[in-house]
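Using the sequences plus the hints, can you model the full thing?
Chains as they are written, first to last, in numbering that gives the first Met the number 0: chain R, 0 to 213; chain U, 0 to 108.
The hints are simulated quantities; they were obtained by calculation from the structure and are not laboratory data. All the pointers check out, no bait thrown in.
To spell it out: a stretch of chain U is covered by chain R in this simulated footprint if at least three of its residues, at any positions, have a beta carbon under 8 Å from a beta carbon of chain R; those stretches are:
{"no.": "1", "segment": "22-29"}
{"no.": "2", "segment": "33-39"}
{"no.": "3", "segment": "45-59"}
{"no.": "4", "segment": "66-78"}
{"no.": "5", "segment": "82-96"}
Note that beta-carbon positions come from the ideal geometry of N, C-alpha and C, so glycine has one too.
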Amino acid sequence: MGLGLMPMGLAFGLLVTHTGLPWWSAPMFSAVLYTGAFEFLLVPLVATGAPLVTVGLTALLVNGRHAFYALSFPLHRVHGRLAKVYSTFALSDEAYAMTTGSRADSWTSARIVSLQAFMHFYCVGGAATGALLGSLLPAGVTGLEFAMSALLVVLALDAVRDRREDLPTPLSALLAALIARLVFPDQMLLGAFVLFTAALLARHLAGRTRHRHV
Amino acid sequence: MSEAPYLLAVATVSAAVTWALRALPFTALTPLRANRTLQYLNTRMPAGVMVILALYTLRDLPLTHLRAAAPLAALAVTVGLHLWRRNALLSVFAGTAVNVALTSIVFAA
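Quick look at the structure:
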């Protein structure tokens, strides 16, 4: 898992130095944000000197999905104030995916937190390495950013297999993503999450009324 | 190029927003954990969220261009390997290697 994040961190570090930002900003952003999609979006914003309001607003819209994670992330199984604080801070997409599958049902507090710290460390380490290597690697080497897609595809396959009897869920997610891509291309992520949640709620309500009538 | 104070301010603002989004919903949602509707969402969210995120990273795939063949081939390798071996590390690594090789060598513009 950590090794899956390493190439993503590397790609981010390379992007940062190729854009002309100082190398230390790659591990810095990785450490305090730790959210792949937003980090990659932040680089062009920063390179053009976007105002802080724009940066804050973009963070709000791109990372709005994290608010949904509180529904299923097992924070109640993380013990200790400091551990809880860190656990919410390092609640990345990958951490969410790893800790909500059925295999994580029996994980202890220490296991959850150390997994998060491990992935966080790999990401920051990868970003620092990528930024420092940026000048050494020939500019013709491209396509490392695919690591992020590959990782998410793998996580999606595992999550769908976890609940293989429930195909309407991934299908409605797929549909939500395609509709959001076409209708709100600039806000695809947020649009898709809202549509998907609405579809789930509609299914739930339909199921309840059916039970009442029978 | 950009000044260090600006970069630090950007990091502070975006980290504050990101952490607030990650932490605050827990205080609002924890009392509702027993709620039936939330439990329904809870069990179904993860699979859908991953599908959406995966598609999001592929949103700008230039499907009408030949160079889209690289990520599509890499995607096929990732999915195929994962269905076959179920080894996340292997699937991610092989898929990325295929994409880097194809985009850097075959489709290098």
